[in-house]
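Peer 1: Construct the complete structure from the given sequences, taking the supplied hints into account.
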Amino acid sequence: MNPAQSNYGWGLPVAASTYADKIDRSLLILHAAMAAIFVLWAVYMAYCLVRYRKENSPKAVYSHKSTLASYTPDVLIFIFEVWLIFIVGVPIWAHIREELPAPEDATVIRVVAEQFAWLAHYPGPDGKFGRMAPSLVDYAIPLGLDPQDPDAGDDVASVNEIRVPLGRPVLVTLTARDVIHSFFVPEFRTKQDAVPGMENSIWFEPVMAGRFEIGCAQLCGLGHYRMRGDIFVLPEDEYAAWMAGEQAGRRP
Amino acid sequence: MTAAVHREESFIGKWIFSRDHKVIGLQYMFTSLVFLLIGFSLILLIRWQLAYPGRPIPFIGDLLPDSLAPGGIMMPDFYNSLGAMHGTIMIFLGIVPLGVGAFGNYFLPLQIGAKDMAFPTLNMSSYWVYFVGGVLMLSSFVLPGGAARAGWTSYVPLSVISSGQTTWLLAMTFLITSSLLGAINFIVTTLNLRAPGLTWSRLPLFVWAQFVTGLILLFAFPVLQAGAVLQLLDRVAQTSFYMPQGLIISGELSQRGGGGNALLWQHLFWFLAHPEVYVLLLPPMGIVAEILANGTRKPIFGYKEVAGSFCFIAVLSFMVWAHHMFVSGLKTSLSYLFMTTTMTISIPSIAILTCYLLSLRNASIRYTVPMLFTLAFLPMFGIGGLTGLPLGFTPTDVYLHDTYYVIGHFHYVVVTGTLIALFGGIYYWFPKMFGRSMNMFWGKVHFWGTIVLMNLIFFPMFIQGLAGVQRRLYDPTVQLHNLTVQPTNVLMSYASWGLLLFQVPFIVNFFWSIFKGARSEENPWQATTLEWACPSPPLPHVNFEKVPTVHRGPYEYSVPGREADFWPQNEEN
Amino acid sequence: MSAERSNTKVYLGVFAALAFLTALTVWASYLDLGKGRNIALALAIAFFKVSLIAAFFMHLKSEKRAVHALFYGAALLALLLFLLVLPDLGLP
Amino acid sequence: MNDTRVLDTSTGIPNGKLGMWVFLASEVMLFGGFISSYVILRTGSPYFSIPPREMLGVPLATLNTFVLITSSVTMVLALDAVQKGSVKGLVRYLSATLFLAFCFLGIKAYEYHHKWLEGITLTSGLFGSFYYTLTALHALHVIGGIVFISYLLAMALKGRYDSREHARVEYAGLYWHFVDLVWVVLFPIFYLL
Chain U
-13 MNPAQSNYGW GLPVAASTYA DKIDRSLLIL HAAMAAIFVL WAVYMAYCLV
37 RYRKENSPKA VYSHKSTLAS YTPDVLIFIF EVWLIFIVGV PIWAHIREEL
87 PAPEDATVIR VVAEQFAWLA HYPGPDGKFG RMAPSLVDYA IPLGLDPQDP
137 DAGDDVASVN EIRVPLGRPV LVTLTARDVI HSFFVPEFRT KQDAVPGMEN
187 SIWFEPVMAG RFEIGCAQLC GLGHYRMRGD IFVLPEDEYA AWMAGEQAGR
237 RP
Chain C
42 MTAAVHREES FIGKWIFSRD HKVIGLQYMF TSLVFLLIGF SLILLIRWQL
92 AYPGRPIPFI GDLLPDSLAP GGIMMPDFYN SLGAMHGTIM IFLGIVPLGV
142 GAFGNYFLPL QIGAKDMAFP TLNMSSYWVY FVGGVLMLSS FVLPGGAARA
192 GWTSYVPLSV ISSGQTTWLL AMTFLITSSL LGAINFIVTT LNLRAPGLTW
242 SRLPLFVWAQ FVTGLILLFA FPVLQAGAVL QLLDRVAQTS FYMPQGLIIS
292 GELSQRGGGG NALLWQHLFW FLAHPEVYVL LLPPMGIVAE ILANGTRKPI
342 FGYKEVAGSF CFIAVLSFMV WAHHMFVSGL KTSLSYLFMT TTMTISIPSI
392 AILTCYLLSL RNASIRYTVP MLFTLAFLPM FGIGGLTGLP LGFTPTDVYL
442 HDTYYVIGHF HYVVVTGTLI ALFGGIYYWF PKMFGRSMNM FWGKVHFWGT
492 IVLMNLIFFP MFIQGLAGVQ RRLYDPTVQL HNLTVQPTNV LMSYASWGLL
542 LFQVPFIVNF FWSIFKGARS EENPWQATTL EWACPSPPLP HVNFEKVPTV
592 HRGPYEYSVP GREADFWPQN EEN
Chain D
488 MSAERSNTKV YLGVFAALAF LTALTVWASY LDLGKGRNIA LALAIAFFKV
538 SLIAAFFMHL KSEKRAVHAL FYGAALLALL LFLLVLPDLG LP
Chain E
211 MNDTRVLDTS TGIPNGKLGM WVFLASEVML FGGFISSYVI LRTGSPYFSI
261 PPREMLGVPL ATLNTFVLIT SSVTMVLALD AVQKGSVKGL VRYLSATLFL
311 AFCFLGIKAY EYHHKWLEGI TLTSGLFGSF YYTLTALHAL HVIGGIVFIS
361 YLLAMALKGR YDSREHARVE YAGLYWHFVD LVWVVLFPIF YLL
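Residue numbers (the working numbering), protein chains in the order written: chain U, -13 to 238; chain C, 42 to 614; chain D, 488 to 579; chain E, 211 to 403.
No lab work stands behind these hints: they were computed from the structure. Backbone N, C-alpha and C fix where the C-beta goes; we use that ideal spot for every residue, glycine too. Hints are supplied without guarantee of correctness; some may be wrong.
What the hints assert, rightly or not - Computed beta-carbon distance windows for the label pairs:
| no. | chain 1 | residue 1 | chain 2 | residue 2 | range |
| --- | --- | --- | --- | --- | --- |
| 1 | C | 294 | U | 235 | 25 to 31 angstroms |
| 2 | E | 315 | U | 145 | 54 to 60 angstroms |
| 3 | D | 579 | E | 331 | 27 to 33 angstroms |
| 4 | E | 315 | C | 613 | 55 to 61 angstroms |
| 5 | U | 69 | C | 356 | 23 to 29 angstroms |
To be verified - Just so you have them, the derived chain E footprint on chain C, three or more residues with Cβ under 8 angstroms:
| no. | region |
| --- | --- |
| 6 | 266 to 277 |
| 7 | 302 to 309 |
Peer 2: Quick look at the structure:
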C-alpha cells in the first residue's frame, strides 16, 4: 500500500506517533504566540507610521525617559518563555528523550546508516542481535553479520525498509558507518542524528498502521537526497506472519 | 598632535596599499559587494534545480563544464558545492566584511572623532589577508578537487573524506586571521582614540555595536581556528581527531587510528558560529539605531537599554551554541541548559526591537530611502527573531531541525534583517563617503522590489519547513512528503531571479552616483554624530580639520528651546 | 628611584619560586595520590605559576581595568568552552 | 618609568600595549580551544592510549621548562635594565633570552626526534597527534618571539632604546611571558598527567 497522499498536506504531516500530538501542540502554542506578538507590533507600528509621519507631526517630542511600562513586552515574553520551557518543554523533552521503553515490551531494532541507505537489523525471535564485525562487511552481507555466531541465526536484515507491529513502542538504536546521517520520520515527528562512533537510541510508538517515510536530514554526500526508506506499521498478525516468513525463508 | 606631513603618495600607496581607514573601508565595501553578488548568483543556479529537478539549466547550463553539469543538468556533487559555497561566501566573504570591515573601518574612527584606526598597517594587512582568503575560497571552484561540498558548516567525517575541503580550510584560516586583526584594531581604537568628552554614555550605538562585535570576534574566532587546524590535519596528515574508530567508508574499513569524536568539531564550530551570527546582527542594529534616530528626529528610546542589550547579547552568545546540536547526539541534560540560555538570549533581542519600535512614538518620521530600509528591518527582523523561538525550544526543534524552517529563520534574520539594514547604511552614508548622493527614485525602486521579492522567497520556506522538507536536498521530489509543497519551490525560484533583476538598479545607481550623483553638502540628513562634522569625503589621513570635542549625547534631536531640530555632538552651545 | 632597585630582587624571587614549583610538580607527579588528586595538584601548581608570571612579569598587578577585563574575560570564556563541552564528550 | 608615548589615549594605556593584550586574549582562546579538545578527548575517548612515562622523557622536558622560565626572567630583566637606562644591560639580557629560546627549540627538536623513534608519531594515536600539534604550535610562537626579540636586539644595538623610549621591549616582554605561560600549562598536561 503506497502512502495515500493523505499523509501529507500543506500543513504538518499526519500525527502518527504517540508524542507527535504533544509536539504539534507545542508548535501550535508557539506559532500562536508568535503570530499574536507580530500582529500586535505590526498594528502598533502601522499606527505610528501614519500618525507620526512628518506631515502629521512636524515636531518630535524630545525625551530620554524610558518608562517602566516600556519593559512590559520584554517581561511578558520572558514570563511566556519561562512557562513554555519549564511547564511545557522540559516534560515533553524528557518524555521523548529519556523515557525509553523497556526492551522486552518494545520492538527493538538496530538501524545502521551508511552512505545513502538505511540498514535495519532485527534480532529475530531469540531477541538477541548477532555479532557484527566491520571486517566482514561486504556486498553480500551489508551488515557484516557473523554467520557462525549462534544468535545471528535468526537475525533478519533489510535495507531501506523497516517493519514494525502496531500497538508496541519501537526502540531504535541508531549508529552510522561513515558520515553523520539523521534518521527523520516526519509523521512520527522523530529525528535523531546517526553519528559514526556513537550509538543513539530513540523511541516512537506508532498509533496507526500504514507506510511512513524515512528521510535523511543531515547532509551526507552526493546521495543525501535519495537516502529514503519506508517504515511499514503492520497490525500484530500481519507482522507475525511476515517475521515467520522471514524465518521460514531462512531454514534451507 | 602635529598634523601628519602630507607627502604625495603614488597611486599604489594611495589606493592599493593604503593605510587610511577610509580607503580600506571602501576596499572592503567594493570587495564584499562583489562577493555578495557572486554568492547570490550561486544560489540562483540551485533555485533552478529545486524548481525543476533534473531539467537542464536554460542559458547557463551548457556553459558549465561536463564534470559539474553534463548536458546542463546539475550533478548532486555540484549542487552540494554550490550550497556550501553560497553559505560560506555570503557569511564570511560578504556580509561580515561589509558590516564590520566596510562600515566599521570607515565610520568607527569618524564617529569617535579619531584621526585613524589605532594600527593602520594592521588594518591594511587585515584587508589583504581577507582578499587572499576570498580569492583562495573562490579559486577552489577551479582547483582539481573542486569546491567544498560539506555545507558551510563542514561537518566531519563528511568534510574529511570528501574533496575540496582543504582549500576551504586554508581560505578559512586566512579569513579568521583577517577578522582577528580587524577585531584588535576595533577594540583598541574604541578604547583609546575617543575624542575628548566622548564618554561611554555619549558613544553612538553604531560604535557600541562595532566595539561589542570586535570583542565577540576576538574571543570566538580563535576556537574555530583551532578546530580548522585539527580538521586540516585530519584531512592532510591522516590524524584522527574527529574520526571515530572503525569507520567503513564506501565498503572498506578505514585504516585510520580512530578514537576521535565527530561531535567535537560541531562544538568547536558552533562555539564560533553562533557568536558569528551575532556578529552578523549587531553592526546592522547599530546602523538601524543611527538611521532611526535621524529619520524620527528624536533620541533613540532607551539608549542605555539598547547598549546594555548589545553587551548582554555578546556575553550570552558564548553560552548558547549547542542549540544547533539538540538532535545530534548532545546529552539530554546539556540540551536543557542550552534551551534555557537560548531562550534567555532572545530577551535582549526583543528588548532592542522594543526600544526601536517605541522610538517611533511621538516621532516626526521622514520617509527617506535609508529610513525605508530601516523601517522594513524592524518587522522583518521581528519575524526572523520570532521564528527562532521554535528552533530554540527542543520539542519543536526535534521536528524543525535541518528543515527549510531553519533556512527561513536565518534568512529572515540575515537577509531581510542584516542585508536590508546594510543597504540602508549605504544609502545613508553614501554622501559622506563620496560627497554625492544616490538617486532616491531608483533607491525606492530597489527597496520595494527587494522587500517584496525577499518575502516571496523566504516566507514559503516556513511552509516547507512545517511540511518537513529537509534542507540541502538536491532533488526534493524524491521524498514523498515533499511533493505537496513542491510548487512553492517554483514560486521561490522565480522570486529569486526577480530579486537579481531588482539589484541591477542598485548596482547601476551605486556606481553611477559615485561620479555623477548630485553633489551633497556635509550634513545632508542633518544628523548629530561626529562623522557629519567633517567634509565629505573626509580629509585623507586626518579626517577632521581640528579634533572635535564632544559636549552631549549622540542623538540630541528636537531639543526643546532650539530652532534647529538637531544638535550636533561637537557644537559648543 | 629606589623602587627600581627592588624590582630585580622581586623578579629573582619570582624566578626562584617558579623553579621550585616546576621541581615540585614533577616530583609530585611521581607520587601516586590517586588520579583525581594528581590532576588537581598539577593543575593547581600550574595555575599558581601562571598567576605568578602574569602578575609580576607581565605587570598585570599594576595594569588598568581594561587589561584585567580582557585577560580574565578570555580565561573565563576558554574555561566556559571546556566546562560545557566536557560533560558532553569528556565524561562517559 | 613608563614609556613617554602614553599621551592622550582615553584609557591611559598606550595603544601598543593594549593591542598586545588584546592579541594575547585571542591567543588564550586559541590555546584554550586546542587544550580543551585535547583534555576532552583524553578523558572522553576510550581509544586514547597514553604512552608509558618512560617514553615521554620527563627529565628533559623539565629542563626545557626550566630553560623557558629562565628566558622569561632574562626578558623581564632586560626590560628592567632599559627602564633604568642601561642599554648594555638590555643588550646582554636580550641576547641571553635569545640564546635560551634557541636552547628550548634545540631541546624540543631532540625530543621530537627521540619520540618519533620511540614510536610516538603524528598518526600513532591521538596522544601523538595532539602532542605534536600543540607543541609545534607553541614552538611556532617561540620562533615568532625569537624574530621579535632579534629585531629588538638589532634596534637596541643601534641605540634606539633608552629609559624614555622602550615601548616595544615591554610589548615583546608581554608576548614572551605569554609564550612561557602557555608552556607552563602544556608541560604538566602532556608530561605529568
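Peer 1: Please go over all the hints and tell whether each is borne out by the structure.
Peer 2: Outcome of the hint check:
Here the CB-CB span from residue 294/C to residue 235/U is close to 30 angstroms, well matched to the stated 25 to 31 angstroms. A beta carbon spacing of about 56 angstroms between residue 315/E and residue 145/U agrees with the range 54 to 60 angstroms that was offered as a hint. Range check, residue 579/D to residue 331/E: Cβ separation about 28 angstroms, and the 27 to 33 angstroms hint holds. Judged by the Cβ atoms, the range 55 to 61 angstroms given for residue 315/E and residue 613/C holds: they are separated by roughly 60 angstroms.
Checking the proposed 23 to 29 angstroms range against residue 69/U and residue 356/C shows it holds: the Cβ atoms sit about 25 angstroms from each other. With 6 residues having a Cβ less than 8 angstroms from any Cβ of chain E, the region 266 to 277 of chain C passes the three-residue criterion, so the hint holds. Remark: the region 302 to 309 of chain C is confirmed as covered by chain E, as 3 of its residues place a Cβ nearer than 8 angstroms to a Cβ of that chain, reaching the required three.
Checked against the numbered hints above, the structure violates none of them.
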